[in-house]
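A.B. asks: The listed protein sequences derive, respectively, from chains C and A.
Numbering follows the numbering used here, with no gaps: position 64 of the first sequence is 58.
Quick note: to get the numbering used here, add 155 to the position in the second sequence (first position is 1).
Rather than coming from a laboratory, the hints here were simulated on the basis of the structure.
Bear in mind that the values here come from a model prediction, so they are computed numbers and not experimental data.
Far from chain C by the CB rule (all over 12 Å, computed), these chain A residues: (1) Q166; (2) S235; (3) A237.
Just the calculated beta-carbon pair ranges, DEER-fashion: (4) A:T251 x C:G46: 21 to 27 Å; (5) A:S222 x C:P2: 38 to 44 Å; (6) C:P87 x A:P194: 25 to 31 Å; (7) A:S261 x C:I54: 24 to 30 Å; (8) C:P101 x A:D211: 42 to 48 Å.
Heads up, the beta-carbon is just placed ideally off N, CA and C, and yes, glycines get one too.
Here's the letter readout for the chains.
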Amino acid sequence: KNEVEQSPQNLTAQEGEFITINCSYSVGISALHWLQQHPGGGIVSLFMLSSGKKKHGRLIATINIQEKHSSLHITASHPRDSAVYICAVDVSPDMRFGAGTRLTVKP
Amino acid sequence: NAGVTQTPKFQVLKTGQSMTLQCAQDMNHNSMYWYRQDPGMGLRLIYYSASEGTTDKGEVPNGYNVSRLNKREFSLRLESAAPSQTSVYFCASRMTVSNYGYTFGSGTRLTVV
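From just these sequences and the hints, can you work out the full model?
C.D. replies: Quick look at the structure:
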């Protein structure tokens, strides 16, 4: 069993829909990261959080340390949000990565 | 504002050939990492360097070697490439080993035939 599990694996939405991607982990962590990987392959860091909630534009990330669970929400989704979203947990000195959620937003 | 620069972006090798993937960062980060990404799996750590002068094995080090040439540069070498090493390779860096975000390179798509 992977230490980091994401759901769903694939997600298709219509433009404007509210999106939720979930991440559960089974190890003790110092922080959790949400990353975005576009079709071109580059990986960009979206959030790093160790408690509570962070918001950046239309993206919101939450974490519940007691339940070992995090969610990434996208409000008013847009086709340019189409990408793979990756959850990763900091287990210093390394990170453990989920397999990713492939999001497709249709116009 | 280059961040993390990886070269080459694409490479095709024959089984048994050797090559070195180059990685350089200009953010004065202490820690550098090499990962591989395979379909349906999360990124897996090959080797890392917590600081200049140190390197350590990660989850999947077999068949690879690394060199932390200086604070900026961290190279990954395949001495005798095998088809199982066909993958996308990412270099990453961050300020210290914990509680700082990563900056990733753009990746190297390697095919071993």
